[in-house]
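Whenever a hint applies, use it, and build me the whole structure from the sequences.
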Amino acid sequence: MNGSTTGYHIRSKNAGPFWLTVDIFCDDAATYQRLCRDARLAHATIGTLLRTDTPSIKTFHIDALNVIKISLPRPVVQGALDDRDMHGAAWANLVRESLAA
Amino acid sequence: MTEQVKILVPSGALGAGNNRAPEPFDRGVREKPDVIAVDAGSTDSGPHYLGSANPKPSRAVLRSELRQLMVARAELGVPLIVGSCGTSGADNGVNIMRDICADIARELGQTVRVACLYSEQSADTVKQALREGRIRALQPERPIDEALIDRCSHIVGLMGVEPIIHALEQGADIVLAGRTTDTALMAAVPVMRGLPAGAAWHAAKTLECGALCTTAPTVGAVLATVDGTGFTIEALSEGGRATPRTVHAHMLYENADPFVLTEPGGVLDVTDATYTALDERRCRVEGSHWLPSQAYTMKLEGAAPAGYQGVILNTIRSPRYIQRFEEWISTLEARVRKTIEARLGLSSADYHLQFRAIGRDGTLGALETQTDTQPLEIGVMGIVTTPDAARTKEVLSMLNSPMLHFALPDDEEMPTHAFPFSPASMDRGVVYEFVLHHVMTVSDPIAAVRFNLETLGVPA
Chain A
1 MNGSTTGYHI RSKNAGPFWL TVDIFCDDAA TYQRLCRDAR LAHATIGTLL
51 RTDTPSIKTF HIDALNVIKI SLPRPVVQGA LDDRDMHGAA WANLVRESLA
101 A
Chain B
1 MTEQVKILVP SGALGAGNNR APEPFDRGVR EKPDVIAVDA GSTDSGPHYL
51 GSANPKPSRA VLRSELRQLM VARAELGVPL IVGSCGTSGA DNGVNIMRDI
101 CADIARELGQ TVRVACLYSE QSADTVKQAL REGRIRALQP ERPIDEALID
151 RCSHIVGLMG VEPIIHALEQ GADIVLAGRT TDTALMAAVP VMRGLPAGAA
201 WHAAKTLECG ALCTTAPTVG AVLATVDGTG FTIEALSEGG RATPRTVHAH
251 MLYENADPFV LTEPGGVLDV TDATYTALDE RRCRVEGSHW LPSQAYTMKL
301 EGAAPAGYQG VILNTIRSPR YIQRFEEWIS TLEARVRKTI EARLGLSSAD
351 YHLQFRAIGR DGTLGALETQ TDTQPLEIGV MGIVTTPDAA RTKEVLSMLN
401 SPMLHFALPD DEEMPTHAFP FSPASMDRGV VYEFVLHHVM TVSDPIAAVR
451 FNLETLGVPA
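Chains as they are written, first to last, in the numbering used here: chain A, 1 to 101; chain B, 1 to 460.
Honestly, the hints are just simulated from the structure, not real lab data. It is possible that some hints are incorrect.
[Unchecked claim] Taking CB as the label site, the calculated pair distances span:
id: 1; chain 1: B; residue 1: GLU75; chain 2: A; residue 2: THR48; range: 55 to 63 Å
id: 2; chain 1: B; residue 1: GLY194; chain 2: A; residue 2: ALA90; range: 27 to 35 Å
id: 3; chain 1: A; residue 1: ALA64; chain 2: B; residue 2: ARG151; range: 40 to 48 Å
id: 4; chain 1: A; residue 1: ALA90; chain 2: B; residue 2: GLN139; range: 48 to 56 Å
id: 5; chain 1: A; residue 1: ARG51; chain 2: B; residue 2: PRO292; range: 33 to 41 Å
id: 6; chain 1: A; residue 1: ARG34; chain 2: B; residue 2: GLU169; range: 22 to 30 Å
id: 7; chain 1: B; residue 1: ASP279; chain 2: A; residue 2: ARG34; range: 32 to 40 Å
[To be verified] A partial selection of chain A residues facing chain B, derived with a Cβ cut-off under 7 Å:
id: 8; residue: LYS13
id: 9; residue: ARG51
id: 10; residue: PRO55
id: 11; residue: LYS69
id: 12; residue: SER71
id: 13; residue: ALA90
Glycine included, every Cβ here is placed at the ideal spot set by N, Cα and C.
Here's what the structure looks like:
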């Protein structure tokens, strides 16, 4: 998890067929504290970005690991006819690009 | 109460087929574990495996990996537990593993008591539970009725530790379980021997993906020792380490809530857990809690056919067509739909048609934010799904000619677009969808499970 140019790494993955989870691993506490306050990770922003029901979004701050975890209902149920990403891998890119913009 | 239980996990998933070095697992065997436990299933690859009840790995791979475990189990004289057999945990997956196990036992000259645990639920069972108010939707809520239950080709209930413990108490050497929670198959022996449930379930959660909770995730094997006050995770590869960070971080993986895990019969709460490095290889965890539930629930997974599907693919490399791609594909789609109506008499409600622009927004579709860049080429995938195999083939055939020759509206010449295959289309057969996101309350943790205990291999 070290050596990133941004100070953090982001991954996304299914948490079962109906949930998606985005983990943001910060390299240090300063980056973590900064991202904890970042409006681009607020539920309303994430809900719009990932096209999901905003009140259902959950955020967890894990101080011991400098990790922010965002969990949300999958925009499309895994494997449904309209699903394009069976393992939920690509959504992390949207969050990463939003933070970099 | 036993003082401690050592759990050896050979890999994150039986049948993953990775070419792993034998040493980490052999090191674990030398530690004389009390049980070998491994998960063999998941919903992670999508609804096909539950819908069809066929396993994802080949039988040859399953056989190869199970053989290694059966040799070690016999040497150690300890139980071997395989959970979620056949990827989905449907009855067919258990039967396939049972046949492979019988074959290996004969080959090795072993006599083994094998318990098969079947947790597939009939539509009648689930409908009865629905009528009795014993089905509850999880968030996000999905609608359920008897017609939906009847649509499912297979429904499985996720087992907790109780059926596995029951099988071990009946004398099983090997437990081949249908759908279990990833954690139950690893928590079963420490719970059975009276060790604290919080430590047992938290250790099991940490072990569920094998060595993913260490600095050497690809080696597969990992060892946990559960005792009266907590548990210790030990990396088994040369140079591998189980650190407070790698062990703690695993609570995040494929898990919507990193502090709380709901299981059949209770809830694991790791909010107060502490993670301490013992040495280079080992991490100690204490302070995990298990809160028993008032009602015993089994999570249900159900997959239903969504139709017969076929796909067709071409690639667009012309800069002119890439530049005006949206205009081209929307005009093409409108033309195709009109032709389907005219020639086949089908309305848009009779079939599902979707074009995906691979290389442009094929992965994210409407969620894609980078829409102002122009790719060098675009793969156009036409996907057709209908309730009837012949109809799917007919609709798919109507896409072939336009995708080969369709021109921009003002283009007088007939272009030819690139096709990578002959035939251009591919039959994907029946595709499935997950339709259940519910739990079923049961009065008895083992009543919803069917058991079969038999002696396999050579006569004793």
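Consistency of the hints with the structure:
| no. | hint | result |
| --- | --- | --- |
| 1 | GLU75(B) to THR48(A): 55 to 63 Å | holds, 57 Å |
| 2 | GLY194(B) to ALA90(A): 27 to 35 Å | violated, 46 Å |
| 3 | ALA64(A) to ARG151(B): 40 to 48 Å | holds, 45 Å |
| 4 | ALA90(A) to GLN139(B): 48 to 56 Å | violated, 23 Å |
| 5 | ARG51(A) to PRO292(B): 33 to 41 Å | holds, 39 Å |
| 6 | ARG34(A) to GLU169(B): 22 to 30 Å | violated, 54 Å |
| 7 | ASP279(B) to ARG34(A): 32 to 40 Å | holds, 34 Å |
| 8 | LYS13 | holds, 6 Å |
| 9 | ARG51 | holds, 6 Å |
| 10 | PRO55 | violated, 11 Å |
| 11 | LYS69 | holds, 6 Å |
| 12 | SER71 | holds, 4 Å |
| 13 | ALA90 | holds, 5 Å |
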